[in-house]
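Number of protein chains: 2
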Amino acid sequence: MNTKNIRIKDIAQLAGVSVGTVDRVLHNRGRVSDDALKKVLSVLDQIDYKPNLIARTLGANKSYKIAALIPNPDQDPYWASSKSGINQAEAEWLRYGVTVQPFFFNLYDKNTFTEVAKRVTDSNPDGILVAPIFYHETLPFFDEFRERGIPYVLFNTNIHEVQPLSFIGQDLYQSGRLGAELMHLSQNGKAGILAVLHVNEDLSNSVHLAEKEKGFREYFSDTRAKAFEIRTLNLTSPNNPSFEKELLQLINDDRIRGLFVSTSKATAIVASFLEKHNRSDVKLIGYDMLEENIAFMKKGVIDFLINQNPKRQAFLGINHLVGQLILHKNPPANELLPLEIISRENLASYLSSGIH
Amino acid sequence: MNTKNIRIKDIAQLAGVSVGTVDRVLHNRGRVSDDALKKVLSVLDQIDYKPNLIARTLGANKSYKIAALIPNPDQDPYWASSKSGINQAEAEWLRYGVTVQPFFFNLYDKNTFTEVAKRVTDSNPDGILVAPIFYHETLPFFDEFRERGIPYVLFNTNIHEVQPLSFIGQDLYQSGRLGAELMHLSQNGKAGILAVLHVNEDLSNSVHLAEKEKGFREYFSDTRAKAFEIRTLNLTSPNNPSFEKELLQLINDDRIRGLFVSTSKATAIVASFLEKHNRSDVKLIGYDMLEENIAFMKKGVIDFLINQNPKRQAFLGINHLVGQLILHKNPPANELLPLEIISRENLASYLSSGIH
DNA sequence: ACACAAATTGTGTGCGCACACACCATAATT
DNA sequence: AATTATGGTGTGTGCGCACACAATTTGTGT
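Keeping their order, the protein sequence lines are chains A and B.
In this note's numbering, each number is its position in the first sequence, counted from 1, plus 30.
In this note's numbering, each number is its position in the second sequence, counted from 1, plus 30.
Derived by calculation from the structure, the hints in this document are not laboratory data.
Wrong hints could be hidden among the right ones.
Note that identical chains are pooled: a pair holds if it fits in a single copy or bridges any two copies.
As the list claims (entries may be wrong) - The calculated lysine-lysine pairs, modelled on DSSO-like cross-linking and capped at a C-alpha distance of 30 Å, are:
no., residue 1, residue 2
1, Lys92, Lys140
2, Lys92, Lys80
3, Lys80, Lys68
4, Lys39, Lys244
5, Lys39, Lys140
6, Lys328, Lys148
7, Lys329, Lys220
8, Lys95, Lys39
9, Lys244, Lys359
10, Lys256, Lys68
11, Lys256, Lys275
12, Lys359, Lys68
13, Lys220, Lys256
14, Lys359, Lys69
All chains, please: the whole structure from these sequences, using the hints.
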């Protein structure tokens, strides 16, 4: 039955050498004579040896320290979801000696990133998971880790230049297009003004949000739907009086038909604004199944959510790192999660399925 | 570092007995004196022992035979997807001695189910995965397996009475409601006739499709959208001339606005019909990302697909069975997969993400 | 031809668990 | 009293791999 699986022992027998020699060839450690090398390689060439990962893991019995560098989860429930994905992954691997040390930086202060990143370096981890939401600040940081040979995985935002072991996220341009499609569909054939809203973001340093906006706009310029005027509002923090003022001005234009909000937290903020001013007739499309957003969707204030699955992103990130460290398994360079559409009628099905 | 994990050896030491005794207590095999039992139990009570599954699997080194009982994949690409999910799961576990033996029954002939099910019984598997699409025929079948203590997992269609180890599928009532919501949305505020189509189905014996229809209808009766008339067409096989006739008659009514098709294969059939008669203005909502359906969606004939993820359903089914057999891990009794909405703009993101 | 170093190769051990087996008491049987 | 059950307990081994170390062969210099 089980004799189909080829063990190192079998290879050794076939090649007429000892297991030690085969081991040296496989891991190219120690020196092996040309003669032996040839024999082993020819056997390896003919058969498809796949090491038993179970046995490998058992034998290794090392412990691994992974650092997770993400925005402070207390500042934004979106990042709290990411955090919970990290926790879930850690729980799964804890007994195999994997620990995850979280490091938080201030979502609204780029300088804290550099500072906290330094602490990550000092902690000397075996692997790193990063959400590099600040473009410029992250670049130098990765050079160090590449030199040291410490694998790092990016999620949420991709920075192609840094060539991570793996990136987990979504196609943000397409995400914007999808938002536009849903918006278009929600308009019942009527025309008017649609707005893209960013709240409290430094757009110049966050490429990802600009991508969404681009997708949203290009959908409308690609399709025959020229009856819509698309505006962009780059709003301040909602504490700032200008937030209320600018948004009110937009809403008071009676041609306003819909709002597309670029982040999850901002979605909840805008939803609460619409509810307060009794304007749930304005279609609202935003991001992610935060508790607040779920409530607003149930009440009919939010029409669609695009799920970015922050929990799953982080979960997969840790998993890929562990897979690399323990099982020597190469993760996909790009893992683009599907753009999940959440509406009133499939909301429950997503809520009940946890990380799926 | 790693000393946190408690091994059997540690328990033995703490209890002042040998590992053999602890092993006997844990698996209640062999006899143990009251004295020793008490000592071991008190230790187990104070600490949280979690066996190292890696080591357990390695040591066991048994081989497991799983039977998969599904409709013939050649009859329907939907079931071909399921099959590929099974294959994928098998590939993942093959080296740990798991083999999956597929058994196919005729999708359009209930009698073959009973017959093939008998062959499954004879093959004496260690676990079974079943897609019980025929309600009545499956019931007696499971009694036997329950008696024999062979775990079975259901997917696609649930039959509550048989109490499987696990069920993997979707909430079909909600699925119908979602179809209705998407249909409603696609209507641009215009009213008219909407039809629910079943193709080549014995509705009396397939509860699952009736559930979808119920959901679809109740959405419209629940919402203020009374402007729509909902019809049901139970069509024959498309080879049969009456298929073309009935459908043509429906389409020729100029108040027709949309079609909701209850299965994946039927979606492709109806799409090709609409294309042939140049009626892609009629909104079409159906199921699953079959290749044909993907093509029709790209061409704009199909407006929305609800993804039932047949591949993932079967994949998870095998995985849960293996988890139970090898790792002694209890799967969730009900794993309801999310109702995924596929539209033109997020189609690619789903295609590129494989089983996610 | 010898000693000794270097290169190469083989053997042994542990990882944690499950299970087979051997052992030792004591009780039951002849 | 000698023998055999019997309940209770401990020890030993293998699963496949990685790695340390021992053993062996080959090479170098004198």
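Structure versus earlier hints - violations, ascending order: 1, 4, 5, 6, 9 and 10
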